[in-house]
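K.L.:
Take a look at the letters that make up each chain.
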Amino acid sequence: SKQPKTSDPSGSEAPGTKHKVALILSGPVSDMSWNATAYNGLKEIEKLGAEIAYQENVDNSSLADVINNYATGGYDLIFLSTNGYEDIGLKEAKNYPDVTFFIINGATTVDNVISVQVADEQQGFLMGAISALVAGEGQVGFVGGMEITPIINGSAGFEAGAKHVNESIAINSAMTGSMTDVNAAKETAKAMVGKGVTAISPMADNASLGVLEAAEEAGIFAVASGLNQETVAPKAVIIAVVKDTAIAYKAAYQDYISGNLPKETKKMGATEGVVFLSDWYEAASALNQETKDAVKALYDDMAAGKITVEIP
Amino acid sequence: MAYLDMKNVSKSFGTLVALDNVSLSVQKGTIHALLGENGAGKSTLMNILYGMYQQNEGTIYLDNEEIDIKDSKTALDHGIGMVHQHFTLVPPLTVIENVILGYDKISRVGLQLQKAAKRFEELCQRFNMDISPWAVVEDLSIGQQQRLEILKALFRDVSLLILDEPTAVLTPQETETLFSLLKQLTDEGLTIIFITHKLAEVMNICDCCTVLRNGRVVSEVAVSEIESKEQLASMMVGSNVDLIIHKEEAQTGDVILSVEELCFDDEDRVRRVDDISLAVKSGEILGVCGVDGNGQSELIRCIMGLLHPTGGSISICGEDVTGKTTREVLNHHVSHIPEDRLKMAMIKEFTVNENLALMAYRDQQYGRFGFMNWKWITEQNIKICEEYNVKTQGMHVPAGTLSGGNQQKMVVGRELDREPTLLIAVHPSRGLDVGATKYIQNRLIQERDRGAAILLVSTELDEILELSDRIIVLYRGRAMSTMQRKAATREHLGLLMAGISPKNTTVTPVTM
Amino acid sequence: MIDTITSFLASDIRTATPLLIAGLGILFSSRAGIVNVGTEGFMLVGALAGVVGSWLTNSSLLGSLFAMGVTVLLAAIFAFFVVYLRADQTVVGVAINTFALGATTTLNRILFGMNTSPPLINVFDVVPIPGLSKIPIIGDALFSQPLLTYLAFLSVPIAWFVMYKTHIGLKVRAVGENPRACDTLGISVTKVRTGAILFSGALAGLGGVFISMGQLSFFTEDMVSGRGYMVLAAVVFGRNNPVGVMLATLIFGAGDALMYQIQAAMSGVPYQFSMMLPYLITLIAVCAFKSKTRPPAATGIPYVKE
Amino acid sequence: MRSKLKPEKIFQLYFPIVAILAALLLTAIVISVMGFNFVEAIQALFVGAFGSLGAIGETLNKATPVILTGLSYAIAQKCGIINLGAEGQLYMGALAATIVGTNLNGTPSVIHITITLIAGFLGGALYGIIVGLLKNLFDASELITTIMLNYIAMAFCGWCISFPLKDTEATSNFPQSRAVLESVQLPRLISGTRLHAGIILAVLAIVFYYVFLKYTKKGFEMRTIGLSRSVAQNAGMRLSTTSLLAIFIAGGFAGLGGAIELLGVQFRLINAFSLNFGFDGIAVALLGNSNALGIGLSGILFGALRSGSNRMQMITKLPVAVIYMIQSFIILFVIGRSMFDFRKLRVYKRFAKRKMLQGEKT
Ligand SMILES: Nc1ncnc2c1ncn2[C@@H]1O[C@H](COP(=O)(O)OP(=O)(O)OP(=O)(O)O)[C@@H](O)[C@H]1O
Ligand SMILES: Nc1ncnc2c1ncn2[C@@H]1O[C@H](COP(=O)(O)OP(=O)(O)OP(=O)(O)O)[C@@H](O)[C@H]1O
Ligand SMILES: [Mg+2]
Ligand SMILES: [Mg+2]
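Chains as they are written, first to last, in the numbering used here: chain A, 1 to 312; chain B, 313 to 824; chain C, 825 to 1130; chain D, 1131 to 1492.
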């Protein structure tokens, strides 16, 4: 079922000529964050009429093999969920010129490889800013999981955001070294509370839940980094700053079927709606209106491109 | 009808037929000897009776009713107790823990060690053996462990007691006590099956005996009908054997091993070896006798470089080896037959071939440039097995599959084959059948006549008296006295071993 | 400063507890001569089963019992392989871990869906001990913990008593040292070892439950994150005796707690170094406390009668 | 005698085969229960593992590191050391290889590869030595030290790739080392496949393992020490130095495994560089009864499971979690293969007993 990229834009209407789209993930699709939204993106693409497949927890050692399986298995479009895959991805892509590769957070865009970057730092920035706004006299804390691009940028953004709101605020930032160790995350958060943190934000996939729970128990504010996280800490989570890569995936696919693939790497963030704010959760009722307005204002500025965040 | 009847029992291990249609009947209240060469099948037969192994064929009647002994639990429930040839103690546990292990008649849940200890001590007194219930088993001497095994069995008031070579490691005194104890027990109606290789003992206490050869019963006779040990021996072996040691005067040469004022304290600062001096000349056998646990093992381990002496000096062929490594000691052509073969001399998992290579593997002949020349080694080892008639299914079977006696022959063969200038033999004939014992003892004499200096440690007075040219008696780590063989008598040695030095003894200086 | 000490102690206890619970179980199987590399898997299964049980019954107690039941079943499989088939314990352990990861992930997704908010379940709440919990510094740390924590520490002396003062304990110790000796005394080596394994399974499961319901209130995939191996280390480090295991787990806990404090205090230190810390501490501790006690002689060796 | 040995030979084939069949049966059941097509799945498993040159190459590539970590565990075990530290040793080997492999530009390929592999070996070996030293000096149980050293090694490598060795030219701030130079990347053995020269090294390592243990005096000493320290002592063997040598070689094997994975497959050191090679190695070693051929075969089994299950996921869209279960089934049944020994069944026993005794009587 191979066919030229410049096919009629509506692959969905002609069932006979379904596009086959594969997604290769470095983590589990159930991580409530990066890989989860990627998976949602794939689901969206399926709704647009493509035949989809995905593989979780793919390590660099198997990547080449997995790519090979899909490319020779008749897949037209392959998403690589992380820039950790960039090297091997680029190398393998050469062997399959009529397959298109999207690398999320990649930096290179050549022939059949297109990179799309997600503005992790914007998410971090907003988390930092909101935390700083609600922290009052206290400090703000950021708990990251592993040292990977989204989280590195996220934490950089967090500091920028916090400083943006309050130049002198004390920022507490830590990495637990694991995306699965919920307890490590929770204990780290508790330790931060002990140090006087009054508003905290996690960026550690599932482990984030531990941080939120710590906030709940300590009675401080928390800013979640994804949807559905607030329920574990209803009294703490005021809002979530969501980074929905699904939108990026969907957009990429639409570019693909409409045949006008981006010629250079583009970055998607608040402007494109990839980074957005959830509604205020009930814990936010404790906040006064101008705080909420300030947050709204910040977001609008960012969406309007008035705020740019440096990344390391 | 006999108390115990084993009818047509057959047992094979894989391809090897250990027991072929064996029948054994034992009268109540008697001591029944079970004799046979190493590997004849004695232990196997008893392990079947005790439920450790399952027979392939045959039935067992106890008190005229057929019993199916599927495991040792059933055996114990039927009042059958067994003292195994190889210790079945749990070394890191205390004596009393070993005794009540699996015995919940005193108390079902809690251990109640105190209560058990009291009963145990009563038992000890009754048979005047002294073992502290609170001692840790791995600290006990082998003799004490053997006694503990017996007490363990008696503690469970059994009605049929199997003793698999219990006297192999006991001293004459201990053996005496054991025998009077056994008599006592039989008078109380206990029935005893007694495995031994010491024919004197059979003549001495047994009422009846069954002889096995290659897994078949060759004869079953009342001891009263037997004239001589020789007769028994030839029954076992199937041909005439002479039990005499051929031995001329020693042609001694210069001093090979000399130990001066050797002292050793163990980690609890207890003095194990206390100022011992001795010298062994080439061409002579110095017998070290004494009750097990009086410093023999420590003395030997110091000489072998396995322990660091606290004081004194050791030299071999005039070279000082005090505190040298075992390797350096071995390099002086020293051979060592250790007291505990399974612990120190052989590896059950290794093949017979590998075990035989254990000591000399460093020699150039065994392979150059750090390689092992197995082809050559195997040829060599086959010779050893033939020469010392080690009964094995082949060179490449695990040594663990050899019967106890054959394991010992393998070790002795390996050590003698190296033509040592100094041979340290500790209980060399422990667990060996008559033939093998005499064979090994004659080999020791031959080694002596070849010019080897031999330090013989044994708890068997007979062995000491038969082989030694001079004798040193150890008691509590001290040398009670050193004497010429001629000057020694059983009684005299017995007293010295007990720590009593009669005034009429002339304690002769070591260097003579 | 004071609060730092308090939160350090509290964090130490919290981190040590699951290791201790599982450790007290693994202790017995280890004494019986069984190396249970599958501990990680048992704990993971326990963590999920506890949540499921509590979710079904609305009772954290029933949830825990349910979890222990499930892990005992898993332990039975383990026992079948290592005791009856005499398969190598470590390999079976590795397989159990792989299986546990797969099974818990699959079930979790089936039951609770993916990326949905975790179900609200009944968990172990903190039960401050009246009076004691008011003691300055330590009170808040030691005496306002979940019930299970108190139980875990209280059962240390019980475990000690069972191990050294009862027939069961004696048999377990003996079987690990010299199975043949036990056999000759009419003790069924298979029964004792199987029993020890089932027991260790139950407690390892409970340890997992504590992670998902004592420290947290939900299950996430692979949430045990290597604690199973720390339990094994704690049992060895604790020289196979209950008190030792407790101390070992407290030391491990202290290492972790210290790491968390450092992480929170100074953002300057590369986090990789603070991560090394607990393990370095353990290394040093292990070297510092030399001991002659060796593992049971028959460790890892299946018992063959003939 | 001979005729009696024959059945054993047959059984050596019988067991693994039946074991794998049983595992597949169970797998089929699970897959069907999950509502997937198991014929397709199992077919994919095989095609993915052995279906083509490429697949076989993939399988062998994945077998290589676990064979080496397997040897690492096995040789230490022969000397009585339980080396759970292969994971850490593999990381340190990869680290050393990264340093050498990313530098020395312009060195002739053969030489560069050689010294890089040596560096890898030494990296692991020296890290392994630590275990031995701690054991000798403080008699610290290797069961603990190895596990701790694993975590330390991973954290340390993590730090290296985030700071000193971080690829600064890289287009992203993803923490990873620079890619090793072209000149050290292992040559492909068959064009069109990714099969690299690593497997040859693995085979050489297996041969070394066999010859060393069976035919050298050092090997003989190690086996003796492993089975009985007291006997070894009595035979005048040097316990501590020999143990050090053993753990040195063991660490070296693991380190070499890391180096090969780096030069043949991944080219960069990253945080998740090892996918549990260290612990799979233990299973590989024990599954293979620590004997040379066995380790080779079980290594290939593991490799096949990895590459096969990748394809299985692609074809059937089974989630990875199910794959884990399937892998565990296969390991379990292979290690527990004796359960298929019908000779243990009563019926058979009775029958066999008769036969044998008749044999004896005649
Ligand atoms: N478990 C076993 N497996 C295989 N062969 C065995 C086993 N037990 C005994 N044998 C063999 O059966 C034969 C009889 O052994 P057994 O120990 O009964 O002889 P024994 O009369 O006790 O010898 P010893 O006097 O040396 O103790 C020996 O050849 C021995 O190798
Ligand atoms: N698995 C085995 N395979 C082959 N031979 C064995 C095996 N186990 C033991 N043997 C040997 O067979 C003989 C009988 O076995 P057993 O275990 O009874 O030893 P034993 O010397 O008779 O001591 P015990 O009286 O305690 O049984 C022993 O000499 C032993 O070395
Ligand atoms: Mg015997
Ligand atoms: Mg025997």
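It is worth saying that the hints were derived from the structure and are not from the lab.
Mixed in with the good hints, there may be bad ones.
[Stated by the list, open to error] FRET-style restraints, in silico, Cβ to Cβ:
hint, chain 1, residue 1, chain 2, residue 2, range
1, D, 1320, B, 690, 38 to 46 angstroms
2, D, 1241, B, 681, 26 to 34 angstroms
3, B, 371, C, 1129, 56 to 64 angstroms
4, D, 1156, A, 72, 50 to 58 angstroms
5, C, 1115, B, 625, 51 to 59 angstroms
6, D, 1162, C, 1129, 52 to 60 angstroms
Where is the CB? At the ideal position from N, CA and C, for every residue including glycine.
K.L.:
With reference to the structure, classify each hint as holding or not holding.
P.N.:
Results of checking the hints against the structure:
Checked against the given bound of 38 to 46 angstroms, the beta carbons of residue 1320(D) and residue 690(B), roughly 42 angstroms apart, stay inside it. Between residue 1241(D) and residue 681(B) the C-beta distance comes to about 27 angstroms, which sits within the given range of 26 to 34 angstroms. The supplied range of 56 to 64 angstroms is broken by residue 371(B) and residue 1129(C), whose beta-carbon atoms lie about 21 angstroms from each other. The hinted range of 50 to 58 angstroms is not satisfied by residue 1156(D) and residue 72(A), whose Cβ atoms lie roughly 30 angstroms apart.
In this structure the hint that residue 1115(C) and residue 625(B) lie 51 to 59 angstroms apart at CB is violated, the actual value being about 34 angstroms. Judged by the Cβ atoms, the range 52 to 60 angstroms given for residue 1162(D) and residue 1129(C) is violated: they are separated by roughly 40 angstroms.
The structure is inconsistent with the numbered hints 3, 4, 5, 6, although it conforms to all the rest.
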